[in-house]
Each structure stands twice: as structure tokens, then as C-alpha cells.
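S.K.: Below are the chains, spelled out letter by letter.
Protein chains: 2
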Amino acid sequence: MVAAMQIDVATTIAHMADQLERMAGWLDKARAHATAKKFDADTLLTARLAPDQFALVRQLGSACDTAKLAAARLTGKAAPGHADDQKSVADCQARIADTVAYLRGLTPADYARAAEAKITFGWMPGKYLEPANYVVNFAVPNFHFHLAHAYAILRHNGVDLGKMDYLAGLVFKDL
Amino acid sequence: MVAAMQIDVATTIAHMADQLERMAGWLDKARAHATAKKFDADTLLTARLAPDQFALVRQLGSACDTAKLAAARLTGKAAPGHADDQKSVADCQARIADTVAYLRGLTPADYARAAEAKITFGWMPGKYLEPANYVVNFAVPNFHFHLAHAYAILRHNGVDLGKMDYLAGLVFKDL
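Residue numbers (this note's numbering), protein chains in the order written: chain A, 1174 to 1348; chain B, 1174 to 1348.
Check each hint, because a few of them may be wrong.
If several chains are the same, the list does not tell them apart, and a pair holds so long as it fits within one copy or across any two.
To be verified - Here are the computed lysine to aspartate or glutamate pairs in the DMTMM-like style, where the Cα-Cα straight-line distance is at most 20 Å:
hint : residue 1 : residue 2
1    : Lys1250   : Glu1303
2    : Lys1260   : Asp1201
3    : Lys1300   : Asp1264
4    : Lys1202   : Asp1225
5    : Lys1346   : Glu1303
6    : Lys1250   : Glu1289
7    : Lys1291   : Asp1347
8    : Lys1291   : Asp1181
FYI, nobody ran anything at the bench for these hints, they're computed from the structure.
Build the full structure now, drawing on both the sequences and the hints.
M.R.: Spelled out as C-alpha cells, the structure:
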């Protein structure tokens, strides 16, 4: 009997850092698109797909925060704080870089006690999620929700992105 | 030394079935919205956010296929085939239900040899991904890419959805 396949949670969080670096690259493409079309790239930050959805700037910030808070809750290592006050693409890229630096500073050993964590939320007092439920059913879906919305807003506004700009860290090997 | 936290791949795939059931529910809300606004809900299937992105009908189908192909590749259990020929919301919900039934029919034991799989793609001949890289870096991100695009298309067209329609299977416990 072979043991069922398991995936280390450190791998899942490290992948979020890869994805956030991809997201920063989308903003480089947005800046190039704006330059070619002679508009200010920072105007994209207020773009949104529905009037009661977050604009791009908050989609970017929420992707960052979902990743860093997942890491912080699982490792107990405090994450850097970021206000939602970004005014420019450069500001957003700085927030992404700061988040990625925090995530890259964590090691697999930092997750040694992750399975014991009780995951709480300010909006759900007196309750907690078990860490596997939190990672699989909240952190990963919420991260991609905001990441994909950021991508979709940029695509909707003409930025030249494709699926391979979204997928990060594929390691193809020879058969 | 506590072992680092691991998540069973069967849990990750089972969560995809939960998410697909949520997606079917979004289509119920789309139908209700269309009825209230007196338009044919099936017209939403051709809606897209950019002219060179998939329309809703293909976003729905791609989410289904990403989940079922991940399960099939990891378990070796053949998945049901589906053509991209859905003409109605009802057709799409039938495809989702068929995919969910396949996923729900798998057991954790079916994944016993998943870690040995070499994951290949028709578009990358002679190459493979190791299964953990495939799950974390391809299957899960690609699944949410299409799921979130389906959600965003519906939101962009006025369907009344919120974040808790996206997140599935949270099990809050008392502290």
C-alpha cells in the first residue's frame, strides 16, 4: 500500500509568492500598454468589472493580504502591515514586492506547528477553522479569486496577457 | 519535532467538486436575474470580458475539465467525456453535475499511487510534470482561473453574487 499523496503546505504558500511575482509582471505589461496607447497607467487602478466589486487596486492588495495572512496564521511569523492607500502602479508593485519578500523569508520548518493552528477571523468571532480547511477552502480560493479578478480587469482593459502569464512555476521534465 | 503540515490531494480534488456545485448555483442566480430582467438567461453564455477570452460557456466547461482531468490523471480512473457544445444554462448545469458525480465517485484510496504519476499534456510532447507541481502550479490555479472568470462574467452582467457564493465548504468550529 503506497501512502496517499500529500502536499506540504509550505509548497502551497511558496507558490503564492510565485503567483504574486507574476502579478507584478502583469503591471509591467499594463504600463507598456498605457505607454503605447498614451494614457496614464495609474488610471487602471480604479477600473472594476462591476460597480460593487473591488477596483484593481484592491484586488491586488487583497491577493497580497490573503497570501501573507495565510503564511502568518500558519507559521506564527508576523507579516508586514500594508494600508490600502496605493496611488500608483509603482506603489502596488512595492506592496507586492514587500509581500513576496516576507513569504520568501519563511522556511518549511516555520510551518512545523501549522497543523495545530486554530484559524480565526475578526468577522467570525468565537469560531475557528482547522488549518487544512482554511488552506484548501479559504486561503487558496480567496487568493485566486482576487488574482484572477486583477487579471480579468487588465484583460478587459486591453492589456496583452495570456494564460501562461497566469500559471507560475511549472517545471517540465523530459519523459 | 512536529511533522510539517501536509494536505491530502484527495481533499484538494474533493474541494473542486464543492466549488463546481457552487458554480452551478451561480447559474441558478443568473436564471433568476434573467427572469427578473425579462431576458433569456442563455444569452449570458456568449458573454465575455475581452474579445480574445473565452465566453462564459467555455469558462464553465474549462473549470469542469480542469477538475476532472486532474482527478483522472492522479487516480487513473477515466473521466466522462464532454464536448464543448452546450447551448443553454441547463446544458451547462448538466455538464457540471456529470463532472461532480465523477469526482464524488472517487475515494481517497483511488489516489494511492498519485505521487508516482507522470503528468503529460498534448500541447507539451515529450515532457511531463511531477504530480505535486501539477496540482499546486497547474490544476488548482487553472481551475480557479476559469471559475473566477465565470464568476466575474456573471457579476459584470449584473448577477447578484458575493464572495460567500465563491467560497465553498468552510467548516467553522466553536473556539
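S.K.: Next, verify each hint and record whether it holds.
M.R.: We went through each hint and held it up to the structure:
1. Taking the closest pair of Cα atoms, Lys1250 and Glu1303 come within 20 Å of each other only inside a single copy of the chain (18 Å); across copies the shortest separation is 30 Å, beyond that limit.
2. Proximity of Lys1260 and Asp1201 under a CA criterion of 20 Å is satisfied intra-copy only: 16 Å inside one chain copy versus 38 Å between copies.
3. Taking the shortest Cα distances, Lys1300 and Asp1264 never come within 20 Å of each other, neither inside one copy (35 Å) nor across copies (39 Å).
4. Taking identical chains as interchangeable, the C-alpha atoms of Lys1202 and Asp1225 lie at most 20 Å apart only when they sit on different chains, with a minimum of 17 Å there against 26 Å within one chain.
5. Proximity of Lys1346 to Glu1303 under the C-alpha cut-off of 20 Å is restricted to the inter-copy arrangement: shortest distance 8 Å between copies versus 35 Å within a copy.
6. Taking the shortest Cα distances, Lys1250 and Glu1289 sit within 20 Å of each other inside one copy (15 Å), while across copies they are farther apart (34 Å).
7. Taking the shortest Cα distances, Lys1291 and Asp1347 sit within 20 Å of each other only across copies (10 Å), while inside one copy they are farther apart (42 Å).
8. Both within a single protomer and between protomers do Lys1291 and Asp1181 lie at most 20 Å apart by alpha-carbon distance, with minima of 18 Å and 19 Å respectively.
Consistency note: the structure conflicts with earlier hint 3 alone.
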